[in-house]
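Taking the hints into account, I'd like the entire structure generated from these sequences.
Residue numbers (the numbering used here), protein chains in the order written: chain E, 33 to 522; chain V, 1148 to 1242.
Keep in mind the hints are simulated off the structure, nothing from the lab.
Heads up, some of the hints might be wrong.
Reference excerpt, derived from the structure (chain E facing chain V, CB under 8 Å, subset only) [unchecked claim]:
no.: 1; residue: Tyr-134
no.: 2; residue: Gly-231
no.: 3; residue: Pro-270
no.: 4; residue: Ser-273
no.: 5; residue: Phe-371
no.: 6; residue: Leu-374
no.: 7; residue: Lys-380
no.: 8; residue: Arg-392
no.: 9; residue: Ile-394
no.: 10; residue: Val-396
no.: 11; residue: Tyr-399
no.: 12; residue: Ser-414
no.: 13; residue: Arg-417
no.: 14; residue: Pro-453
no.: 15; residue: Val-454
From the structure, some residues in chain V lie toward chain E, with a derived Cβ separation under 8 Å [said to hold, decoys possible]:
no.: 16; residue: Ile-1158
no.: 17; residue: Leu-1161
no.: 18; residue: Arg-1163
no.: 19; residue: Thr-1174
no.: 20; residue: Asp-1180
no.: 21; residue: Ile-1185
no.: 22; residue: Glu-1197
no.: 23; residue: Pro-1202
no.: 24; residue: Arg-1225
no.: 25; residue: Ala-1227
no.: 26; residue: Pro-1228
no.: 27; residue: Pro-1238
Have a look at the derived ranges for each label pair, beta carbon to beta carbon [what the hints assert, rightly or not]:
no.: 28; chain 1: E; residue 1: Pro-335; chain 2: V; residue 2: Glu-1197; range: 14 to 20 Å
no.: 29; chain 1: V; residue 1: Leu-1152; chain 2: E; residue 2: Ser-357; range: 19 to 25 Å
no.: 30; chain 1: V; residue 1: Arg-1208; chain 2: E; residue 2: Arg-369; range: 40 to 46 Å
no.: 31; chain 1: V; residue 1: Arg-1208; chain 2: E; residue 2: His-403; range: 29 to 35 Å
no.: 32; chain 1: V; residue 1: Thr-1194; chain 2: E; residue 2: His-42; range: 52 to 58 Å
no.: 33; chain 1: E; residue 1: Arg-278; chain 2: V; residue 2: Gly-1233; range: 37 to 43 Å
Just so it is clear, CB atoms sit at the ideal spot from N, CA and C, and this is done for glycine as well.
Each chain, letter by letter, is given below.
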Amino acid sequence: MSPPVTEIAHAGLAQLSKLLEQREVSAVELTQLYLERIERHRALNAFLDVRPELSLQQARAADGRRARGERGALLGLPIAHKDIFVTRGWASTAGSRMLEGYMSPFDATVVERLAAAGMVCLGKLNCDEFAMGSSNENSAFGNVLNPWDTAAVPGGSSGGSAAAVAARLVPAATATDTGGSIREPAAFTGITGVKPTYGRPSRWGMVAFASSLDTAGLLTASAEDCALVFNSMLGFDPHDSTSVQRPDEDFTRSLQLDPRGLRVGVPAQFFTQGLRPDVEAAVRAALDVLQRLGAVLVDIELPNAPLGIPVYYVVAPAEASSNLSRFDGVRYGYRARSFDDLNDMIRKSRAEGLGPEPKRRILVGTYVLSHGYYDAYYLKASRVRRLIANDFQRAFQRCDIIAGPVTSSVAFNFGEKAADPVSMYLADLFTVPASLAGVPALSIPCGLGEASRPVGLQLIGNHFDEARLLGVAHRYQLATEWHRRVPAGY
Amino acid sequence: MSLTLADVHRIAQLARIQISDEQARATAAQLNDIFAMIEQIAQVDTTDVEPMTHPLDGVQRLREDAVEPSLPLEELLRNAPAQRDGLFLVPRVIE
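Printed below as a string of structure tokens:
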């Protein structure tokens, strides 16, 4: 006798994997169950493209593989992809009019690896245009609602991924993080979001925003679920010139980690600068839990971390202005209806096809790279970036991991910051430093703050230390139940 | 530093984005806010600090210059706004 439907939907990947293994449920049944939830909660606007027949076809193939004796932790488990990853079969828009209806001739490496492991794709998830945003208000295809409170933003740029997992419309979703786009929405929607070390997941087939920062990651209900998927998702890819060549590892190996004696660094710079009392209380309570589990708290300094936002808003737009020059209305994407000549066609196609935030960042990036300004902005920012990265290396001599808040407040309301770009940019104050340093970082739910909106705890590790981060997060989740909370009505 | 309307038009021209005077005015105000925030980095002492362009300070990996299969032409052309005979079409450039 199979468990009841809602119980299955709320189960999480690790448990679903066991149910599939024990033949309590089939991949087709799981796919149908989640497709039905996606349909029922369409008002969240989390999904941009759902094609049930394609998903069911993949599910039947997974069931067939299992029937032929194949085993695999991910075989038959559902997932959905942020619309930054290109996919065959589903349109790939990056949340932009520029790419409306774009059908990729190939799959992103991350998509391909997960499909090879037998994961079933349930569709494509809404996001801020070209992953530029912290609230999902920059999508050309409308706002994604936060299932905890529809007046609240789900965070961005992976807002669709976060809302879908929070509402359990899918047990896992891919996401991307350039300055906080996995951790911030995870914090705002009460789920687990993990950004691995830069270079560990392939960037091949991820619509490029800022190539020295863009990192694929995952949103799931728990750290254990994430570890399971990372085993298949991460790894060297010859197609990505910055992909890191390292032996494969088992990311579940530290789930039994003993936190006794673990040195947890608490950066002074993350507990100032307008950190709201409700967020601080929840994060301090989480630090107490880690301490009760045997961890030792160590006061540390990341003196240059507050410079993360200005550095990021030079480096990321510079790289974006270069990456987005490919959208010229010639080979793919939107082309203006009327124009005088080639130059006019390109200028009008970009003016009409790109939204306000990508345009703003292209202009900032063009300026900081332009003749006479390159040294003062781009070169200077790249030097300060190293100071920020050096801070982490110094800190990791005194501690094993770093812990602090993900955001300074719980999810803000729609419209609250949309008119003021700088106030929106500051939403990433605590997430940007780890992105600039390329170190792995995650967000796990650790309480409810103002208006009963979720609060996230950020854990940051040194390069290639994601297994330990996942282990610590898992021990925290064994001791608490915040990650089991599902918003009412889902 | 303060960007003028002319500056915004010049940057937009470099970026190949058409922009009206009205849009340029609103954009100038926003860009000036952004650059006011960015200016903080000017005060930082970065003497003898090497610029960091890659988080792992990786070097560009090179591959063998080997012939590999590429995607079928018709699939690559499928998303083009205008195409004919295996070519992307653009407005006439040479008279």
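**Prompt:** Looking back at the numbered hints, which does the structure fail to meet, lowest number first?
**Reply:** none
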